[in-house]
Amino acid sequence: MNYSLITLEVLAVLMGLIVLLADLWVSPTARKALGLGLAAALGCLLAFAVGSLAPQSGSAFSDMFVVDDLARYFKGFFLFAALAVVLMAVDFAPKFGAGLSEFFALTVFALVGMLFAASANDLVLLFVSLELITVTFYVLNSFQRTQLASLEAGVKYLILGGVSSAFMVFGIALIFGTANSTNLAVLAAKQKELAHSALFLIGLLFVLVGLGFKIAAVPFQMWAPDVYQGSPAPATAFLAVGSKAAGFVLLIRLLVGAVPQITAEWHRLFVVMSGATILFGSLCAIPQRNLKRLMGYSSIANAGYLLLGIVAGSAAGSTAVLYYLGGYTLTVLTAFTVISAIANHVESEDISALSGLGQRSPFLAACLTMAIVSLAGIPPMAGFFGKLLLFKSVLDVAPGHPELYALIAVAVVGVVISLYYYFSVIRAIYWGGQSANLSIIPVALSTRIVLVACVAGMLVLGIFPQGLVKIADHAVAGLSHKVAPAKAAH
Amino acid sequence: MDSLTSVILIPVFTAVLLLLIPGNFRVVLRLAAILGSACTAWTAVSFFSRFHAGQEGLQFESLVPWVTVGPLNLAYHVGADGLNIGLILVTGLVGFAAVLVSWNIERHVKLFYVLLMSMIAGAMGAFASLDLFFFYFFNELALVPTFIMIGVWGRGEDRNWAAFKITLYLTLGALIALVGLIAFYVAAGANSLDVTVLKAHLAAHPLSAAAQTWIFPLVVFGFAILVGLFPFHSWAPIGYAAAPTATAMMHAGILKKAGLYAILRMAVPLMPDGAHRWLPVVAVLAVGNLLHCAWVALRQKDMNLLIGNSSLAHMGFAFLGIASLTVIGVTGTVLVMVAHALLAGLSFALSGYLETQTGTLDMTRMGGLLRKMPFYGSALVMGFMASCGLPGFANFAGEATVLFGSWKSLPWFVIIAAWSGLIIGAVAMLRALRAVLQGPEKPEFSRVADLNYWRRLPFVMLLSAMVLFGVAPGILTSRIEPAAKAVLAAHLTPSQAHQAPAVPAAHAAPAASAPGHSGH
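Quick note, the sequences are listed as chains A and B, same order. According to the numbering used here, the residues represented by the first sequence are 1 to 490, in order. According to the numbering used here, the residues represented by the second sequence are 1001 to 1520, in order.
If we strip away everything but chain A, and leave its shape as in the complex, we get (with noise of 0.2 Å):
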């Protein structure tokens, strides 16, 4: 068996490990140096994940590990983000108080979850890695102890975690139980008697409930707006990115990957679950005054969006998943590295905390308008890119199903009204309400090279798509997507 495929994911341990042990001999005041280290450490992990020397495609463990492209997209941007989320929690340090050298420790155990995951190939590992990931953000969720909406958002986080695993597990036996296997190849393989065992279609079913909760979509998304508001922006942030990339993986791997036929027959399911998604989130974020809350139902949202890749079934809805994924990660970073930075300063997450922010820091101000912008799906960002190949990729199939259009007209709409919510925090921006306090607002070097580097992604991935597109479209290429034209057919 080749080990070699999981050396990053040992890489990752074994650097989670260090930091634990490094704390016992760090003076509290050098734990800063140590999440800098780590965030080097991180940088090489990377470096490592997208050059030439990564592991090899192949599979271990009896073929519950796979290493193929769609797992290398998303190891490198897990670590991209955990790099980003590690930076900006050595600037948020003051707001911990003590434990800082966990919370590097859990991101890290989070982060090799997500690394798992990307390579899961068993609904056994599926199932590992998701509760890796659950288990420590329960504790990075509620890690401002002495606020009681931290530790509101760890207990919530851990009730429906624990109800959307329950579902999952029963999910898993009832389809060990049909399919007496649970590796996805075998599953793929067998999809055709599988689809007339009802026993199975529902133990796929709760499988979907506990995926739909990790990636918050209607109808199992009530945690998120409570969870993100109350959990410290840095874990928020790393929940934002990383365990909604993660979902989707897992979601392309079994329903695009192993299951393309019953998703095909499901695809109304699909459709509906995408709509409602986008309209909830989309509407209930109108009201909303809080920051980090009005990021939870923009992130309801932009499941729904995502969903529509997965609705089209298709290579080129895989595809965009992806690229649209690559954007949002960097958007979502940018806008609560800026929302962290402003939250340090002002004691406030409301939206009002940004009035004055054009006069009192221009680079936070820019940064945050051109995540907004992203957000909303306007060109020059990324996020414009993504939106089109996500509509694309749902008018390429629609033709003779009247509900794709359907579909279209209500994510045409949700777009029209997140962009009000998301303009009035342009809003706040520029010229909402007079600031008392118009004294400048200090960013660390850290955190200025994250927001540098992330804008600049957001910027190059939305003029000069290319590159991603293609990477993304090579990753996709080995799922089985043969069935997508049958189903446009029938």
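Keep in mind the hints are simulated off the structure, nothing from the lab. Ideal Cβ placement from N, Cα and C applies to all residues, glycine included. Be aware that a few hints might be false.
Computed beta-carbon distance windows for the label pairs [claimed, not checked]:
# : chain 1 : residue 1 : chain 2 : residue 2 : range
1 : A       : 155       : B       : 1065      : 24 to 32 Å
2 : A       : 402       : B       : 1104      : 51 to 59 Å
3 : B       : 1281      : A       : 402       : 21 to 29 Å
We have chain A; now place chain B onto it with these hints.
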């Protein structure tokens, strides 16, 4: 560089340069913006003068593949023909004028000029683009600057509401058009949104009439919202009244034409059956612009609302020309677009200057200003007379051409409406002139000052362009006509005419009669 790319890149580079200048160097910022927009205008003028009139096909072309992955194939393709060369020229001129009249901006000078330059770049890019994806991309570049500019430097209590209204309307229109464009991409099967590729592909494999019938309205009504076609027009006057002068000039003058340009560039030539089916509806709605908006303009006390509504009425002519589906009508539409860009830019610049002097735009409170401001007054008289359709200005040439073109092909009530719209518009303009310039002098305006030497430059520039194209419209029409013929090429071939049996006889008439017109 002999490719239109330069005219897009100059404002982009200016914006980047402005970003690098510290925010408190106001004079340097202003000078850099003036210099950058002057270079843009000069480049645009040079392209216009070097354009070979009377020649078919594209000039100053350049093509760079941009995204080619699987079935997705988008390219950066710019080039000029009669449809856009005039628009590029006026974008340069109005953009330069907009920078020049912004001398009274005091707050956030740097941000203002960066946003203004990106608006100019977006407009240039939209008009230069032959790939519809890039057209959309560039057109949307102006959205965020518009929003921020209205909010930060706008006027009036309602500017917050106006900023949201204009943004939401423009986005809705753009998104509907985008869905139409994607649907068109999928249905056409050419794996491209490049109009030249599409044209060649569709000539061999025409799009089914059924597909055209539902895609055409998405594209055309989506873009028509951006132009302010009745009844989707209510954002325009409110938005312009709240916008700072430069934004109103760029938006009413230039960006509003982008929707019309897209309809002429893509919808009409590539979906002839859809055009026959839906353009009569557009013509009837255009009557709403001509009559309703002109009538509303008549009732305005605020000068910006007057100009905004009257500019919507002028857009009615542009739609009529397209709906006529004749070479003369389409040529007239392009003339109207060019002339109106100059007129709207001039009008909003004039009203902006008036506000800096009097502190208000309420025309009922003014009077006798001609004596105080002879140069300003003369410019206002010339601008508003041009808006009335006085011969000698480009607007007359355009509107007369549209009327000639649509005389036979449109229903009689539309022509009557266009004619009466002109009269109502003239009454509105003349009443405004009387209110502002004539009558007794008001004591509270005793300190108003006329434009001094160099501040006259933008007004003189725009007025002379209007007079030039009014006296010698041939400069424009000789450039436009081959392109107008190309727009209608699919409508003029007999094979297309009998492919659309569902078209009622009255609407099929323009296709049959057009060859006769084109020989003028």
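Going through the hints against the structure:
With their beta carbons about 54 Å apart, residue 155 of chain A and residue 1065 of chain B fall outside the hinted range of 24 to 32 Å. The given range of 51 to 59 Å is respected by residue 402 of chain A and residue 1104 of chain B, whose C-beta atoms sit roughly 54 Å from each other. About 23 Å separates the C-beta atoms of residue 1281 of chain B and residue 402 of chain A, a value consistent with the hinted range of 21 to 29 Å.
Consistency note: the structure conflicts with earlier hint 1 alone.
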